[in-house]
Amino acid sequence: MKKLIEIENISKSFDETLVLKSINLYINENEFITFLGPSGCGKTTLLRILAGFEKADSGVVRFEGDIIDLIPPHKRPINTVFQKYALFPHMNVYENIAFGLKLKKRPKEEIEIAVKEMLKLVKLEGFENRDIKTLSGGQQQRVAIARAVINKPKLLLLDEPLAALDLKLRQDMQYELKEMQRALGITFVFVTHDQEEALTMSDTVVVMNEGEILQIGTPQDIYNEPKNRFVASFIGESNIMPGIMKKDFLVNFEGLDFECVDYGFKDNEEIEVVLRPEDIDLKPGDTGLNGIVTDITFKGVHYEIIVDVKGKEYIIHSTDIQRVGERVSLSFDKEDIHVMHK
Amino acid sequence: MKSLRVMIWPYVIWLGIIILIPSLFIILATVSSFHIFNDYTFRFTSEFIRFLSDPIFLNAFKNSIKYAGLTTMICLLVGYPVAYFFANMKSKNKTLYIALLIVPIWSNMIVRIIAWENVFKPVSIINLFNLSFDLIGYDVAIIIAMVSMYLPFMIFPIYAVLDKMDHKLIEAAHDLGAGDFQTFYKVTFPLSLGGIVSGIIMTLLPAMTAFALPERIGGGKVILLGNLIEKQIFRGSFNIAATVSLVVMIVMLGLFALIVHFDKEGETLL
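Line by line, the protein sequences are chains A and B.
With my numbering, the residue at position 87 of the first sequence is 87, and numbering never jumps.
With my numbering, the residue at position 241 of the second sequence is 241, and numbering never jumps.
Don't read these hints as lab results, they were simulated from the structure.
Watch out, some of these pointers could steer you wrong.
Claimed, not checked - Some chain A residues close to chain B (C-beta under 8 Å, calculated; not the full set):
1) Ala51
2) Phe53
3) Pro73
4) Asn79
5) Phe82
6) Ala86
7) Leu103
8) Asn209
9) Lys227
10) Phe230
Claimed, not checked - One-sided excerpt, in silico: chain A residues whose CB lies under 7 Å from chain B:
11) His74
12) Pro77
13) Thr80
14) His90
15) Phe99
Since the structure is predicted, the reported quantities are computational estimates derived from the model, not experimental observations.
No residue lacks a Cβ here, since even glycine has one placed at the ideal position from N, Cα and C.
Chain A on its own, in the form it takes in the complex:
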C-alpha cells in the first residue's frame, strides 16, 4: 500500500496548552482512517493541520512524499466536510455543490453533469434549486459531502459529520459513507468521539487522548487488544483488574492463576487484565471466581448483569436472564483474557 500522508513529529499548542504532542502517523491510499478520542484530545486540531487551517509549531506533514506545510488550504488536493456543514446560505444546493468546479473555471456543461452525478450519489436528485435553509440536517449533510467530493480530492477530511444527526439517520449515513469511500476510492480521514461509529466504518482507528496517539490498529485490534486502560475503557465496556504476569502465558489476578495467550512481558510484571463483558459466561458451581448477582438491566439484545465478586463489581453481558441475589461463578476462555502494561 502507498502512503498518502506522513505526519512526522507534529506538535501544536494554543496559549501554552500543548494540544498535540509530537504526533507520528501515516495514512495509506484508499484507507478509511478514524481519529477517535474524547473532546479536547487534539483530533480536530490534527485534522485542521491536514486541511491547512492550522500550522503546526513543529514537525512536518508530507503529501505523497512532499512537505505541504507551506501550501495554503485552497491549493491542497484535500477537501473537508465540516461539523456543522458550513454550507453557503446565499447559494442554493446547485451553487453550493458547483462552488469548487466554478472556481476551477470548468465549462458549464461539465459542471452541470458533475453536480447531477453528485446529487445522485448523495441521493438528492431534483434538489438543485432548493434553498439551503429548507433542507433537513441529514440533507444538508449530504450537500456538504457532495460539495467536497465533487472536487475529486485525494483526501477527504470529515470533522464529526454525523454528530448532529439522530441515531437512525446516523447509522444509515455510516453505511453510506463507507460505501461511498469504497466506490470513489478516496482516502477518508474521519474524526469522531463515538467509538461505535469508529469501529463500524474504519479500516484503521487511531485512538487519541490528551494530544497523544495511544493506539493505532484495525477496529478488531483496538477492541480486542487495547494497549492500555484508557483505550480499553473508552472503546466499549470492560472489566479491568490489576494482576501479575507470572511468566509468558500465565497471568494471576483476583488471587488465581489463569492460562492466557499473552506473552512478552517481564516475569512477575504488574499488569492490568481486561475482560470484555460479553466474553464472560455465568455458570452454576465453582470456578474460583464466584459472586452474587446484584443488578440486572434489560438492554434489548442482552442483559447487563452486575456480579459482585469479593467486593469487585463485574459487568457481564448475557442473553440469559439471572435473578438478583443468585450465586454464580464466572468463566471465560484463555483467549478472552487480555493483558495490558500498567
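Here the structure of chain A is known, so what remains is to put chain B in place on it, guided by the hints.
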C-alpha cells in the same frame, strides 16, 4: 405578557401626536393652501405639482442627492474596510475599540458641526499647527464634515453582519479552492450585503435631509431639501414646505421598504 400590553399605550399615543397627526397635516398642507399670515383662507390646490418642476426645488433635490450620495459612497468605501478590520480583530479589547467608534455619536451633532465649521475658517485652532483652511461654502468641506458625521452609521451595520458571520464559511471557501480575494468576492461580500444596504440607508437618509450642516459649513450658499423646507416655512409658504417634506417622506419610506426587503430579520438595524 398581556398585562404588559397596556404599557405600549403611552408610546402609541406619543406616536400619534407627534408623527401621525403632523404627517396628516403635511399631506393636507400639500394639497391645499392656507395663508395663515394673510387671510386665513383655505382651498384645495394642485400648486404643488407645478412646484415639483420648479428650479428651486430641483436644485435642492439635486444637491441632496449629490451630497448625500457622495457622502454615502465615501462612507461605504472607508467604512467597509474598517468594519471588516474590527470584525476580524482577535484582540480582547475589541469591544473597547468599537466603543471608541461610538463615542463621537454621543456628543451633540450641532456641536460637532460647529467644530468643523471653525476648522474650515481661516482663523481657527489648527493655526497652532501652522495650518489654515478657507473652505466654508466649498463642496469638499461639506463632504468631509458629512462623512465624519455619518461614518459610524455605515460601519456598525456592516460590522454587525461581519462579526456574526460563521468563520467556518470562510474556511469552507478556502477549502474548496478559493483564494483570499475569491473568498471575499464570493462569500464574505455577498453575505454582508444586508449590512451594506442597512448602512447605506442609515447614512443616506439623514444625509439627504441634513440641514444644519450645509447651512453652517455651506455658509448659507448650499441649499439641500432640509434647508429649502426651513426657508419656505420662514417665508410662510407652508404649501411648498409641506410639498418638499412629503417628497422627503416618500423617499424615506421607499428606502425603508428596501431595508425590510434586504434584511428580513432586522438584525442590522441599530
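So, A/Phe99 near chain B? Judge it on the closest CB pair being under 7 Å.
-> holds (5 Å)
Given A/His74 was flagged as interface, is its beta-carbon under 7 Å from a beta-carbon of chain B?
-> holds (5 Å)
Taking 8 Å as the limit, does the beta-carbon of A/Ala86 come near enough to a beta-carbon in chain B?
-> holds (4 Å)
Are A/Phe230 and chain B close enough, Cβ to Cβ, to be under 8 Å, as the hint says?
-> violated (30 Å)
Would the hint on A/His90 stand, with a C-beta cut-off of 7 Å toward chain B?
-> Cβ of A/His90 sits 5 Å from chain B, so the hint holds.
How about A/Pro73: closest beta carbon in chain B under 8 Å, or not?
-> holds (4 Å)
When the nearest CB of chain B is found for A/Thr80, is that gap smaller than 7 Å?
-> holds (5 Å)
Mind checking the CB of A/Phe53 against every CB in chain B and telling me if the closest is under 8 Å?
-> holds (6 Å)
Answer holds if the nearest beta-carbon of chain B is closer than 8 Å to that of A/Lys227; otherwise answer violated.
-> violated (34 Å)
Are A/Asn79 and chain B close enough, Cβ to Cβ, to be under 8 Å, as the hint says?
-> Result: holds, 6 Å to nearest chain B Cβ.
Restraint check, 8 Å cut-off on beta carbons, for A/Leu103 near chain B | Since chain B brings a Cβ to about 5 Å from A/Leu103, closer than 8 Å, the hint holds.
For the hint on A/Phe82, does the least C-beta distance to chain B fall short of 8 Å?
-> holds (5 Å)
The structure fails hints 8, 9, 10 and 12 (numbered hints given earlier, in ascending order).
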